[in-house]
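Student: Starting from the two chains in their separate frames, assemble the complex, guided by the hints.
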Amino acid sequence: MITTQTQMSENACPSCGATTESAHFCTACGRIQPVSKGSDYFGFFGLPRRLRLDEVELEKSFYALSRQFHPDYFMNSSAEEQKASIDRSSMLNDAYRTLRDRVGRAKYLLSLYGYKEAEKRAPADLLEEVFELNLHIEELKAAKKMADEDEVAEARSALKEALQGLDHKLEKIDDRLLELFDEWDRVAGEAVSEEQKKPVLDRMSELLSHRSYIHNLVRDINEEL
Amino acid sequence: MPVIELSMTGRPKSGRVVGIDLGTTNSLVAFMGPGGPEVIRDEEGNALVPSIVYFDNTEHQLLVGEEARDRLITEPRRAIYSVKRFMGKGSSDVQEDLGMVPFQVAPGSEHVIRFQMGERVFTPPEISAFILRDLRERASKFFGEEVTQAVITVPAYFNDAQRQATKDAGHIAGLDVLRIVNEPTAASLAYGIDKRDEALVAVYDLGGGTFDISILKLKDGIFEVLSTNGDTHLGGDDIDNELISVVIGEIETRSGSKLDRDPSAFQTIRKAVIAAKHALSNSESATVSIDLGPALGGVYRREVTREEFESHIEKFVERTLDPCRKALKDANLEPAQIDEVVMVGGSTRVPLVVRKVKELFKREPHVELNPDEVVALGAAIQADVLSGGRRDLLLLDVTPLSLGIETLGGAVAKIIGRNSTIPASRAEMFTTWVDNQTGIDVHVVQGERELVQDCRSLARFTLKGIAPQPAGLPRIEVRFLIDANGILTVSARDVRTGREQSIEVKPSYGLTDEQIEKMLIDSIKFAEQDMTQRQVIEARNEAETVMRAAEKALAERGDQLIGESERAAIRTALAELRGATAGEDHRLIREKINQLDDASRHLAEEIMDGAVLAALKDRKASEVAEG
Numbered sequence: 001m002i003t004t005q006t007q008m009s010e011n012a013c014p015s016c017g018a019t020t021e022s023a024h025f026c027t028a029c030g031r032i033q034p035v036s037k038g039s040d041y042f043g044f045f046g047l048p049r050r051l052r053l054d055e056v057e058l059e060k061s062f063y064a065l066s067r068q069f070h071p072d073y074f075m076n077s078s079a080e081e082q083k084a085s086i087d088r089s090s091m092l093n094d095a096y097r098t099l100r101d102r103v104g105r106a107k108y109l110l111s112l113y114g115y116k117e118a119e120k121r122a123p124a125d126l127l128e129e130v131f132e133l134n135l136h137i138e139e140l141k142a143a144k145k146m147a148d149e150d151e152v153a154e155a156r157s158a159l160k161e162a163l164q165g166l167d168h169k170l171e172k173i174d175d176r177l178l179e180l181f182d183e184w185d186r187v188a189g190e191a192v193s194e195e196q197k198k199p200v201l202d203r204m205s206e207l208l209s210h211r212s213y214i215h216n217l218v219r220d221i222n223e224e225l
Numbered sequence: 226m227p228v229i230e231l232s233m234t235g236r237p238k239s240g241r242v243v244g245i246d247l248g249t250t251n252s253l254v255a256f257m258g259p260g261g262p263e264v265i266r267d268e269e270g271n272a273l274v275p276s277i278v279y280f281d282n283t284e285h286q287l288l289v290g291e292e293a294r295d296r297l298i299t300e301p302r303r304a305i306y307s308v309k310r311f312m313g314k315g316s317s318d319v320q321e322d323l324g325m326v327p328f329q330v331a332p333g334s335e336h337v338i339r340f341q342m343g344e345r346v347f348t349p350p351e352i353s354a355f356i357l358r359d360l361r362e363r364a365s366k367f368f369g370e371e372v373t374q375a376v377i378t379v380p381a382y383f384n385d386a387q388r389q390a391t392k393d394a395g396h397i398a399g400l401d402v403l404r405i406v407n408e409p410t411a412a413s414l415a416y417g418i419d420k421r422d423e424a425l426v427a428v429y430d431l432g433g434g435t436f437d438i439s440i441l442k443l444k445d446g447i448f449e450v451l452s453t454n455g456d457t458h459l460g461g462d463d464i465d466n467e468l469i470s471v472v473i474g475e476i477e478t479r480s481g482s483k484l485d486r487d488p489s490a491f492q493t494i495r496k497a498v499i500a501a502k503h504a505l506s507n508s509e510s511a512t513v514s515i516d517l518g519p520a521l522g523g524v525y526r527r528e529v530t531r532e533e534f535e536s537h538i539e540k541f542v543e544r545t546l547d548p549c550r551k552a553l554k555d556a557n558l559e560p561a562q563i564d565e566v567v568m569v570g571g572s573t574r575v576p577l578v579v580r581k582v583k584e585l586f587k588r589e590p591h592v593e594l595n596p597d598e599v600v601a602l603g604a605a606i607q608a609d610v611l612s613g614g615r616r617d618l619l620l621l622d623v624t625p626l627s628l629g630i631e632t633l634g635g636a637v638a639k640i641i642g643r644n645s646t647i648p649a650s651r652a653e654m655f656t657t658w659v660d661n662q663t664g665i666d667v668h669v670v671q672g673e674r675e676l677v678q679d680c681r682s683l684a685r686f687t688l689k690g691i692a693p694q695p696a697g698l699p700r701i702e703v704r705f706l707i708d709a710n711g712i713l714t715v716s717a718r719d720v721r722t723g724r725e726q727s728i729e730v731k732p733s734y735g736l737t738d739e740q741i742e743k744m745l746i747d748s749i750k751f752a753e754q755d756m757t758q759r760q761v762i763e764a765r766n767e768a769e770t771v772m773r774a775a776e777k778a779l780a781e782r783g784d785q786l787i788g789e790s791e792r793a794a795i796r797t798a799l800a801e802l803r804g805a806t807a808g809e810d811h812r813l814i815r816e817k818i819n820q821l822d823d824a825s826r827h828l829a830e831e832i833m834d835g836a837v838l839a840a841l842k843d844r845k846a847s848e849v850a851e852g
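Chains A and B supply the protein sequences, listed in that same order. Under this note's numbering, the residues of the first sequence are numbered 1 to 225, in order. Under this note's numbering, the residues of the second sequence are numbered 226 to 852, in order.
Note that these hints are calculated values from the structure, not bench results. Glycine included, every Cβ here is placed at the ideal spot set by N, Cα and C. Some clues are possibly wrong.
Stated by the list, open to error - Distance condition first, Cα-Cα at most 25 Å in a straight line; then the derived SDA-like pairs of lysine to any residue:
#1 B:LYS554 with A:GLU55
#2 A:LYS107 with B:ASP555
#3 A:LYS107 with A:SER193
#4 B:LYS554 with A:HIS168
#5 B:LYS587 with B:ASP555
#6 B:LYS583 with B:GLU449
#7 A:LYS107 with B:GLU702
#8 B:LYS551 with A:HIS215
#9 A:LYS37 with B:ARG724
#10 B:LYS639 with A:GLY189
#11 A:LYS107 with A:ALA188
#12 A:LYS107 with A:GLU57
#13 B:LYS366 with B:ARG815
#14 A:LYS116 with B:THR656
#15 B:LYS554 with A:ASP167
#16 A:LYS60 with B:ARG615
#17 A:LYS116 with B:GLU423
#18 A:LYS116 with B:LEU618
#19 B:LYS554 with A:ARG100
#20 A:LYS107 with A:ASP125
#21 B:LYS689 with B:ALA636
#22 A:LYS107 with A:GLY189
#23 A:LYS116 with B:LEU706
#24 A:LYS60 with B:LYS554
Unchecked claim - Looking from chain B toward chain A, a few residues come up when the C-beta cut is under 7 Å (computed):
#25 ILE447
#26 LEU451
#27 VAL610
#28 LEU611
#29 THR646
#30 PRO648
#31 ALA649
#32 SER650
#33 ALA709
Looking at chain B on its own, in the form it has when it is part of the complex (with noise of 0.2 Å):
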């Protein structure tokens, strides 16, 4: 929570905004293309980027995504994901969630998580960065040019320590957040209802890690939350870990001896209790199975019928239900006077949650888009309008938890209420209490209840620097203000003299600019050294395919296809490929093999031509065969 800004100035004018969706289970980045919003795929097509770090530094491998999943089997001590969870947290805060992931945690964690992977220590915006950074590098490469201005998105419930937490994360991987964005505002502008004139709209998301309902108003391209609720614990992991609580229980039984949260044995569940889920949205029933190995009792199967999953989960999808119930009493409204009802989220592909939800409102929800990129690319429509793409639509997001500071005896006085719409601000007067008091200790905590010890701890700071005087006549105000993006900024001035007063904060939970700094520089030299170790390894891997395929054309068609002028060019070309694969010039290799590329392009199509031929020769021949 820092005290000024960093100074927006200087920022170039022009350059690409993307929005960007850091999931607690995926996370994926979209822009606006010409035609609209698009999500940004890898070269096999994937938009989704499983949020799954793994790190081994004797390796100095760092992995992201996919291939970090693969790991999660294997080696996962190595490996984090879910990682949303602990963002903006102190140990005390997640000891439910701890029970619930095979993660070690490093001593020292009271005000930031800190993960043990391997040798290392992460933080939780550290683990979110390499994420960030993985999706920074998949839209650099897509646009040719390097992206650094990203919106993020969070749950509208997300407190002031975890979007600062979101933002540090953002710029540990080289990006400036331009704006937090509440995830269900997001989806609303991706379903395009700001196209009508006016509209009440429930967004409904229920995701891998947290579950969201907003109320929202559009009148005249303006999107307003009328009010949010949710459970930050509560999502599609929940249903997994009691499916898997299930199946560890039945293998328990079975096998007559404990599991005993064998990290391995954990992960292989998890990996096949999802598969089921998945299947079950589509078909009435599904099989798990499970090869445990000779130890475990061998083979675990078992079918699922669409009816008992919807038994075992059915408690999650109603406790869904009371939110919704609340967000619309807040927002003063009955079920029925919503018009549109939007789906976000993986989980909403659950047949059960789209039957309740309808059950709720009465009405049809939106489910023709993929609920998993709805948010990227409404983050996507937000990053537009902040490049000053466009002026007709205005995001106005509300702050989903009460400001207030401590007064005497540990009560609450609430300064800014929940769902007030942000930008917010509130100036409030302080005074001593002593004669020739210098110092006013103040204490900001975020939520609903009475008591200080209820709510949570946002920062505390000391007015400093006050001039001797009589107690009650110093007169200092603060002012509280809680930006567009939901974070609080403090100021104090002087009201006597008008000067600006000496503010220093020690934020609850979080980092401190230095640790992120700090941060910043040990990511950056990790990035360099991991990239272009990976790019020297992937590159010579490419090299080595290419100069077998080139060597074996050669060998076997080129004197029947090609001249010896092109022969010699080839071999040329491969002797070159081969000694820049020697070396550690990535850069080199690639050059090398486009060079062969064109050099043995000839000969490849020839040899195309030729395999075209012979196919359709074949196939004469076989149908000969069948007639």
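Bound conformation, chain A alone (with noise of 0.2 Å):
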């Protein structure tokens, strides 16, 4: 279930002082560690940081490391042992939340190379739709107001018309985004220096960019439909 790079932690265990190379749990005395400065969600999995990933098996060791960390079974604990398991299974359900969605898993991949996240941006190509969409939405404001039912009707299955466009458009980008998830892997995997990492992690960016703009466009035009 855990594969590679285990985060190991350099610090000793405040239970019983031996220097312990599992994160989680003291090699020595078995007891529940501290969560350890500057760990990451996917090292506190024991994965590597790449973005294709089994959703089934994370899952999985979701389960698994809840029955271990889960405050319920450290009632009886000492007050440092509690503290540890509370901190461990916020993280572990930070973690799972962010890492089992594909979009939040890239957003936070970003984040750790020191990406902020981007201003919403329209992407180019769709800068002529949207005027025409944010048209049809104000076409249709005004029909409600007048209570022109057949404005109301048409300015509605124009909206309608041009959300399946988008919903198209989602698609293509989500496809995009997988294909820069294998491009994402495949640099990280090789050793390369985190300047070559760059252009990869910029259109990802981008495209994420695009995405949440698309997004909001399509909640807005429901919300309004």
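Tutor: The structure is reproduced here in structure tokens:
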């Protein structure tokens, strides 16, 4: 289940003082360890920083680790262990929630490399359509205000048609995102410098900002409909 | 909302943990028995304690449950019911609720509702504590040892302030609340769905005052809440209130005069309507019959068919279906994908509810267990897990509402999304806006809306004692942690120095730690005074009964059935018991009751034997007569 690159903790176990090589539990005394500073979500699951991951395996790891960390099992332990259990459980829950969703996973990876969440930007090839869409939304609003049923119906069907186009665009972006995942996994697997990883990350960041833009647009249209 | 939870060390390693369902209408306590979870009943066999508290300061009388319910009619201004609706709320939150109950709100109720009960003022956690103490007493009596640890259930939809208020109530009642568990989650534990390898479960919980729908996923012994939804203002009380307003309308039309919220008439009508509602779960029609007295036109009597009943309540049942659809949507599921539907709460006995739920999920819902007991049974199972009894089962709950902080312009930045598995945490970085600023104000809210004004304020806190530096240079990391009970704790750290940052937290709703401590002391004082007095009265009453029976037996049959030495022993025991009842020591009275019992046992047995013979003789005589 846990494959490679387990995060090594250099801290001594607070319970027995032994230097432990396992991140979660002391190899000497078996007690739960406090969360070490700077450990990331991939490392927490014992995973390399790859974007194509087996979601079924991830879920299994999540359940297995939940069984090890959950505060329910530390009710009678020392205050230190109880705190470690809460910290580990909450980190596990946060890590799982982030990694199981591929967009969340990609955004998280970007944040690890210092990317800030990008402004939601309209893709250049979509500007014209966005323009038209906003027009339709305004028309619909006006028609609703006038309570003109024919106008409302007309504007509504125009928007619905446009929605289908946007859904199609989202699908294409998701396909492209998966291609970038493969590219990243290949680059990350090679012994290249951080500089060489940058172009893939740049493209991913841009793609995600387009994606959120369209996503918000679809949400706004649905609200108006 | 404490910044630092009290240390958990020093708790005894063993000890029984009970499961408590602190309900809007009824409360009950359960434990893990050798054969599975069991509810704890009183001497009459009742598991349910009506969540009603009656208080009379002049008489030093505090009544909980059935006894308090009786006082609802005679002295409604001294009794409080449905207090769960008011947990963790300020007066502005509950205007609508206050319109439907005859309670008096004391001044100064902005942050915590304060109810006037006669001469005293009580907050909802204190009222709930009286109920919890009654349950605790019941459990302690049952086990013959002091029960101090409990798991308490809450609706899945409860926010931080409501969960904290529930925990506070436990604390005031002298209970260490090991875990706050969501009611629907507990219910699916009770149904033993954990025995399945894998299942998607919908728990439909329509209780007295709250409606909850939860979608759970079970896999390999782990229960995961995928989504929750509901309505904190929907339940059997709404059904009752609807019927009450129908009846009141009819009475007013008939008599031509206003009832004017006459509290005792209101309670009489309430009782009659509830009785009719219960009857309609099993029969096609029922009669509402109320004696209103001559001023209001005498007896009001009316036939209600199930069809008419359903037409009045359909809108409430319909209102439960939208949250169901939303919860399914949040879990990314279609109704048909649900494997099991579990029914919880007394209101699910209403046939229309079962029908509607079946229609939505296209599946026959589980109704095998008593819907009033299901949650407490599940809480007992969770209590067993926490006391270290088993490790095959794990409950993963979610937080029902998003947690956010106020940003510039009154907008909300979400930091922990709703339906996140708990415990959940998030660290946020804060800095200063002007040079040499030494404090930063942070406002924490809970809710799904974009603007602070539309969300619920949880707390405001100030990061204090920041060293004077140019604007934007200080880096204070604030960690928000929602623990496994769904309760928020906040801690802060100066990133540069690594030092803990001091925080001053002002909860927007709820009680401060000092207030709780004071209540704890108050309730102990009450409890002692109250309990001792009650125990003496009860013991005296029992003594009177026992003495009367012994005297009568001795006078009528003593000479025939037993010898002089036994008669003398009974007379001595009687005299000693009589002496004890003059004092205030209830233990001594009990002891003397037992001695009299022992002394008169032989006589009683002889009388019983005689009675059996006499009965046989009578029967023969009557058989002869009939033959």
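Student: Could you run down the list of hints and mark each one as holding or not?
Tutor: Status of each hint after checking the structure:
no. : hint                   : verdict
1   : B:LYS554 with A:GLU55  : 21 Å, holds
2   : A:LYS107 with B:ASP555 : 22 Å, holds
3   : A:LYS107 with A:SER193 : 21 Å, holds
4   : B:LYS554 with A:HIS168 : 22 Å, holds
5   : B:LYS587 with B:ASP555 : 19 Å, holds
6   : B:LYS583 with B:GLU449 : 23 Å, holds
7   : A:LYS107 with B:GLU702 : 21 Å, holds
8   : B:LYS551 with A:HIS215 : 20 Å, holds
9   : A:LYS37 with B:ARG724  : 15 Å, holds
10  : B:LYS639 with A:GLY189 : 35 Å, violated
11  : A:LYS107 with A:ALA188 : 16 Å, holds
12  : A:LYS107 with A:GLU57  : 21 Å, holds
13  : B:LYS366 with B:ARG815 : 15 Å, holds
14  : A:LYS116 with B:THR656 : 17 Å, holds
15  : B:LYS554 with A:ASP167 : 19 Å, holds
16  : A:LYS60 with B:ARG615  : 21 Å, holds
17  : A:LYS116 with B:GLU423 : 39 Å, violated
18  : A:LYS116 with B:LEU618 : 40 Å, violated
19  : B:LYS554 with A:ARG100 : 18 Å, holds
20  : A:LYS107 with A:ASP125 : 23 Å, holds
21  : B:LYS689 with B:ALA636 : 23 Å, holds
22  : A:LYS107 with A:GLY189 : 19 Å, holds
23  : A:LYS116 with B:LEU706 : 23 Å, holds
24  : A:LYS60 with B:LYS554  : 24 Å, holds
25  : ILE447                 : 5 Å, holds
26  : LEU451                 : 12 Å, violated
27  : VAL610                 : 6 Å, holds
28  : LEU611                 : 5 Å, holds
29  : THR646                 : 4 Å, holds
30  : PRO648                 : 4 Å, holds
31  : ALA649                 : 5 Å, holds
32  : SER650                 : 4 Å, holds
33  : ALA709                 : 5 Å, holds
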